[in-house]
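> Residues per chain, in single letters:
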Amino acid sequence: DVKVTQSSRYLVKRTGEKVFLECVQDMDHENMFWYRQDPGLGLRLIYFSYDVKMKEKGDIPEGYSVSREKKERFSLILESASTNQTSMYLCASSLGVQPQHFGDGTRLSIL
Amino acid sequence: GQNIDQPTEMTATEGAIVQINCTYQTSGFNGLFWYQQHAGEAPTFLSYNVLDGLEEKGRFSSFLSRSKGYSYLLLKELQMKDSASYLCAVRDGGATNKLIFGTGTLLAVQP
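Residue numbers (this note's numbering), protein chains in the order written: chain A, 19 to 129; chain B, 14 to 124.
Take the hints with a grain of salt, since some may be wrong.
DSSO-like, lysine-lysine: derived pairs with alpha carbons at most 30 Å apart [claimed, not checked]:
1. A:21 / B:70
2. A:88 / A:36
3. A:31 / A:73
4. A:36 / A:71
5. A:88 / A:21
6. A:21 / B:94
Chain B is nowhere near these chain A residues, computed Cβ spacing over 12 Å in every case [what the hints assert, rightly or not]:
7. 40
8. 88
9. 101
10. 106
What the hints contain is simulated information worked out from the structure, not anything from laboratory work.
None of the values given here were measured: they were computed from a predicted structure.
Just so it is clear, CB atoms sit at the ideal spot from N, CA and C, and this is done for glycine as well.
Here chain A stands alone, though its shape is the one from the complex (with noise of 0.2 Å):
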């Protein structure tokens, strides 16, 4: 089975903060994704990488940046955290066009 692991189920952090959020997975996959997901918004694509040390932006990138140094690692950082990005995070990973799999998430609370 693919295991995705996110660094932390529960995380709070101050404003003015920078955030750094982890994602392994054990597939050798080489596309990862990070989401936020809202209520009333669903889940949103803030950035995905199909490569390592390649990255795209997603529909709202503002105010996050990624990176992808080893294939299994992508990690999302808020580089000053607001309390706007409060929020369930999600990441994910896929092999070329096959299902996505999610991690169990980081919600995230910026105090």
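Go by the hints and put chain B onto chain A.
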């Protein structure tokens, strides 16, 4: 623009059949996915349609009409554990595996 519509909430009775509809208007189309998400958990893949017609997988079936921009997920012999959100997602026409998600349908199964 990109738009995926699904009902916000539905209620059904244990043992019954329920149909969850999804309509989409996207700039490209390369397949439609259904995911199930229990509260506080990761979305899990249920079904995939890329050609018109019905795909059956146990108690769950999914239908697609590309000309109408329409899909439905059919759940038979409902069980209490089917209470969850059901997410419709369209893969756009590009070379990546990028998905556009609807806001999800929260299904409550009652005894």
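> If a hint holds in the structure, say so; if it does not, say that too.
Hints, verified against the model:
1. Annotation: proposed proximity of residue 21 of chain A to residue 70 of chain B holds, straight-line Cα distance about 23 Å (limit 30 Å).
2. Pair hint residue 88 of chain A plus residue 36 of chain A holds up; C-alpha atoms about 21 Å apart against a cutoff of 30 Å.
3. Pair hint residue 31 of chain A plus residue 73 of chain A holds up; C-alpha atoms about 25 Å apart against a cutoff of 30 Å.
4. For the proposed pair residue 36 of chain A and residue 71 of chain A, the alpha carbon gap of about 21 Å is at most 30 Å, so the pair holds.
5. Of the pairs offered as hints, the one joining residue 88 of chain A and residue 21 of chain A holds, with about 16 Å between alpha carbons and a cut-off of 30 Å not exceeded.
6. For the given pair, residue 21 of chain A sits about 23 Å from residue 94 of chain B by alpha-carbon distance, which is consistent with the 30 Å threshold.
7. For residue 40 of chain A, the condition that its CB be more than 12 Å from all CB atoms of chain B holds, with the nearest at approximately 16 Å.
8. The Cβ of residue 88 of chain A lies farther than 12 Å from every Cβ of chain B, with a closest approach of about 20 Å, so its non-interface assignment holds.
9. The beta carbon of residue 101 of chain A sits about 22 Å from the closest Cβ of chain B, which is more than 12 Å, so the claim that it is off the interface holds.
10. Remark: the non-interface label on residue 106 of chain A conflicts with the geometry, its nearest Cβ contact in chain B lying 9 Å away (cut-off 12 Å).
In this structure, the one hint that does not hold is number 10.
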